[in-house]
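Visitor: Residue-level listing of the chains:
There are 2 protein chains.
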Amino acid sequence: MNGIEGAGASQTALYQEVEACARDVSAAGRKLAALPGEQRSAALNAMADELAAARTEVAAANAADLAEAGSLSPPLRQRLQVDDKVFSYILRRLRAVAQLPDPLGEVIEGTTRPNGLEVRRVRVSLGAIGIIYESRPNVTTDAAAVCVRSGNAVLLRGGSEALRTNLVLAEAMRRGATRCGLPEAAIRILGSADREAVHALLRQDRYLDVLIPRGGRSLVETVSRESRIPVIKHYDGVCHLYLAADAPEATAVALTINSKCQRVEVCNALETLLVDEAAASRLLPALATALAAAGVTLRGCPRTRQIIACETADETDWAAEYLAPMLAVRVVPGIDAAIEHINTCGSGHTDAIVTQNLERSRYFCRLVDSASVLVNASTRLSGGGDYGLGAVLGISTDKLHARGPVGPRELTSYKWIAIGQGHLRE
Amino acid sequence: MNGIEGAGASQTALYQEVEACARDVSAAGRKLAALPGEQRSAALNAMADELAAARTEVAAANAADLAEAGSLSPPLRQRLQVDDKVFSYILRRLRAVAQLPDPLGEVIEGTTRPNGLEVRRVRVSLGAIGIIYESRPNVTTDAAAVCVRSGNAVLLRGGSEALRTNLVLAEAMRRGATRCGLPEAAIRILGSADREAVHALLRQDRYLDVLIPRGGRSLVETVSRESRIPVIKHYDGVCHLYLAADAPEATAVALTINSKCQRVEVCNALETLLVDEAAASRLLPALATALAAAGVTLRGCPRTRQIIACETADETDWAAEYLAPMLAVRVVPGIDAAIEHINTCGSGHTDAIVTQNLERSRYFCRLVDSASVLVNASTRLSGGGDYGLGAVLGISTDKLHARGPVGPRELTSYKWIAIGQGHLRE
Numbered sequence: 001m002n003g004i005e006g007a008g009a010s011q012t013a014l015y016q017e018v019e020a021c022a023r024d025v026s027a028a029g030r031k032l033a034a035l036p037g038e039q040r041s042a043a044l045n046a047m048a049d050e051l052a053a054a055r056t057e058v059a060a061a062n063a064a065d066l067a068e069a070g071s072l073s074p075p076l077r078q079r080l081q082v083d084d085k086v087f088s089y090i091l092r093r094l095r096a097v098a099q100l101p102d103p104l105g106e107v108i109e110g111t112t113r114p115n116g117l118e119v120r121r122v123r124v125s126l127g128a129i130g131i132i133y134e135s136r137p138n139v140t141t142d143a144a145a146v147c148v149r150s151g152n153a154v155l156l157r158g159g160s161e162a163l164r165t166n167l168v169l170a171e172a173m174r175r176g177a178t179r180c181g182l183p184e185a186a187i188r189i190l191g192s193a194d195r196e197a198v199h200a201l202l203r204q205d206r207y208l209d210v211l212i213p214r215g216g217r218s219l220v221e222t223v224s225r226e227s228r229i230p231v232i233k234h235y236d237g238v239c240h241l242y243l244a245a246d247a248p249e250a251t252a253v254a255l256t257i258n259s260k261c262q263r264v265e266v267c268n269a270l271e272t273l274l275v276d277e278a279a280a281s282r283l284l285p286a287l288a289t290a291l292a293a294a295g296v297t298l299r300g301c302p303r304t305r306q307i308i309a310c311e312t313a314d315e316t317d318w319a320a321e322y323l324a325p326m327l328a329v330r331v332v333p334g335i336d337a338a339i340e341h342i343n344t345c346g347s348g349h350t351d352a353i354v355t356q357n358l359e360r361s362r363y364f365c366r367l368v369d370s371a372s373v374l375v376n377a378s379t380r381l382s383g384g385g386d387y388g389l390g391a392v393l394g395i396s397t398d399k400l401h402a403r404g405p406v407g408p409r410e411l412t413s414y415k416w417i418a419i420g421q422g423h424l425r426e
Numbered sequence: 001m002n003g004i005e006g007a008g009a010s011q012t013a014l015y016q017e018v019e020a021c022a023r024d025v026s027a028a029g030r031k032l033a034a035l036p037g038e039q040r041s042a043a044l045n046a047m048a049d050e051l052a053a054a055r056t057e058v059a060a061a062n063a064a065d066l067a068e069a070g071s072l073s074p075p076l077r078q079r080l081q082v083d084d085k086v087f088s089y090i091l092r093r094l095r096a097v098a099q100l101p102d103p104l105g106e107v108i109e110g111t112t113r114p115n116g117l118e119v120r121r122v123r124v125s126l127g128a129i130g131i132i133y134e135s136r137p138n139v140t141t142d143a144a145a146v147c148v149r150s151g152n153a154v155l156l157r158g159g160s161e162a163l164r165t166n167l168v169l170a171e172a173m174r175r176g177a178t179r180c181g182l183p184e185a186a187i188r189i190l191g192s193a194d195r196e197a198v199h200a201l202l203r204q205d206r207y208l209d210v211l212i213p214r215g216g217r218s219l220v221e222t223v224s225r226e227s228r229i230p231v232i233k234h235y236d237g238v239c240h241l242y243l244a245a246d247a248p249e250a251t252a253v254a255l256t257i258n259s260k261c262q263r264v265e266v267c268n269a270l271e272t273l274l275v276d277e278a279a280a281s282r283l284l285p286a287l288a289t290a291l292a293a294a295g296v297t298l299r300g301c302p303r304t305r306q307i308i309a310c311e312t313a314d315e316t317d318w319a320a321e322y323l324a325p326m327l328a329v330r331v332v333p334g335i336d337a338a339i340e341h342i343n344t345c346g347s348g349h350t351d352a353i354v355t356q357n358l359e360r361s362r363y364f365c366r367l368v369d370s371a372s373v374l375v376n377a378s379t380r381l382s383g384g385g386d387y388g389l390g391a392v393l394g395i396s397t398d399k400l401h402a403r404g405p406v407g408p409r410e411l412t413s414y415k416w417i418a419i420g421q422g423h424l425r426e
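The listed protein sequences derive, respectively, from chains A and B.
The numbering of the first sequence is this note's numbering, which starts it at 1 and goes up by one.
The numbering of the second sequence is this note's numbering, which starts it at 1 and goes up by one.
Quick caveat, the hints were computed from the structure, so don't treat them as lab data.
Each hint can be trusted.
Pairs involving identical chains hold if they fit within one copy or between any two copies, as the list cannot separate such chains.
Cut-off 20 Å, straight-line C-alpha distance, at most; resulting in silico cross-link-like pairs (DMTMM-like, lysine to aspartate or glutamate):
#  : residue 1 : residue 2
1  : Lys85     : Glu426
2  : Lys31     : Glu359
3  : Lys31     : Asp205
4  : Lys31     : Asp102
5  : Lys31     : Asp336
6  : Lys233    : Glu265
7  : Lys31     : Glu106
8  : Lys31     : Glu340
9  : Lys233    : Asp205
10 : Lys85     : Glu50
11 : Lys31     : Glu184
12 : Lys85     : Glu57
13 : Lys85     : Glu265
Isolated chain A, as found in the complex:
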């Protein structure tokens, strides 16, 4: 056998392994959906118990992953690390999701038709969900939690650098889940470190109902382009805060600082500040002082640079997701220009306004075409926790199916049920 044939055979074996795994997860999804909500709640608590009992194993696996990850950049190493803080967060989150109401079986709407046919639209699970993600091992537990809550089985493919940690986490969750009668394959890790496994995964449209890539833009783009399975996308957050003509200085400064600085590397952090021309000379000096004190570098438009000293912004800055202590600043002639800038340069993720004027706030909310639009609130509040959804898998920038935070309810579909007594079509 020559090398090429050998590679072909091993590729086929890998494909078959991935397919078998997806098939098992699909069958598990069907069983899972038929179990009562309280059984899935009990399983979520048992998963937390088993994880707590496996703290030492998790630490050992994580240390082994970290030891081999010497070449990773410090931020990536930090994301990989499951320290006590992350671990207690993981347990808390599972127990919190166990308390969430079960989305399945909700009657979304219902009516009795003039002919007596009773029609209702009832929430059901999607079935089997694939999640492809990078380093952070708590995605493994979060994803399992959200999927079990919503009655979906899940096939997880994390980064190879976190494989040992993920396998130990998944095995502990499996023990907890099966103890409560959940099927073995309700939570499954794709164990192969081979990158080809991802390509095989993208072709399992017969078994997986949706795919969620969590990670950088190139991962999301590759998955979207190659997948035969529908994808829920999480793209960049190029988030804006627009300070209207009447924005009070204290609120403007506090929201700018919180939106930009509370955590710079996340998708709902502020990237471009838009200042109304009528407020620019009043607000920009105080903003510049506060942002400089917070260590933020500014890149301004020509008008901004007439008022405060800062770097020069070019066209690329208006579309930049810095994820860093850097902020683009643009003076706009009015609210329409602000909305136009946001709808043209933004990413439809999260955008906010500071104003005291009711009609201006209504106008902004109506015309800004983004998943989240906030009034007098930090962009950092856009998300599942602050919106009251409990655990979420991320923030979708798609318009189809799920937009904004993706919690258990966003991982459901519905079916139509119609009950008659011999009803015919005339």
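Add chain B to chain A, keeping to what the hints say.
Guide: For chain B alone, kept in the frame of chain A given last:
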């Protein structure tokens, strides 16, 4: 210039034409969504008025299309024909959609968080929708109606054999729509008969938010495979009726005949009859008589053929969408086998049970994984009209976003709006 360069240049010109068209439609979608619902209702009525006034032009264009369509099969010719009955249906439908409640602006849910942040999820339009369909010109008017109702601009690509008819219909609707202040490009026909135009359309992911292919399986598959735009799919209806052990003979026969024969060529017509073993010898003879009288040919499993005379079914019959006076019949040992057959061989479109037992009906509704599950009602009742949705674009077999009938509400997304008074993330 040689031939190849010439082709390249004309392809580029075509691509640019399609792109410009999609861009206009996208911009129109944004404007349309900002108009009040009553203005879109008025436009729908004005569109009906203008169509009524253009009856002669429509007839002439349709006659020209029919004259050139000599090679079409009789059923396809019939679908192409806009006779008085079809025309009055078109007008009725537009006026009915004008009466439907506006889906936009609906507060789907809302809450005030413990910190006082007011959060709500508000229904918004998707933006711009592409529809690729075959012969039937009333799809042109139905699609325009459903899209205007839901605040979406629409780019229509019908079959080239119906192009003259579609252009006249669209031009009349454009007159009505613009008279009421809707943007020019709210309803646009892709005029090129070139098949390459479809491929160009599939690449307009920058401008179109969703694509809906309406037609045969190969059209839907091609569009799904090649599109860069998210697709709402309408696949086959391999619909089942399961006659449970206790099914009364009269209901069983009436529902079988209505589900199969009321109209054989549509997606919610019955294709496979499942008969419980405990009822087979009681029900099959009466069913065979009634179906024979209705001109339906039967293909049965071995057990069926022990009870009644009919053709032999093979494995392909269990997955067949006949769309013809032909019915597959299988005797199953019980309800679990019926559900397993439906979930394995069916297409997740529409499936029904006949039973008088409450728990059996609940069990069937819970475990059959289809867009529509009916109890003691004809499969032909699965659809927007009988469910009370008004006009629909078709019946989705997807689980993501829209499942079952696709009406105005299914062509919407939502945005999150959060209102605070200087709320920060801690």
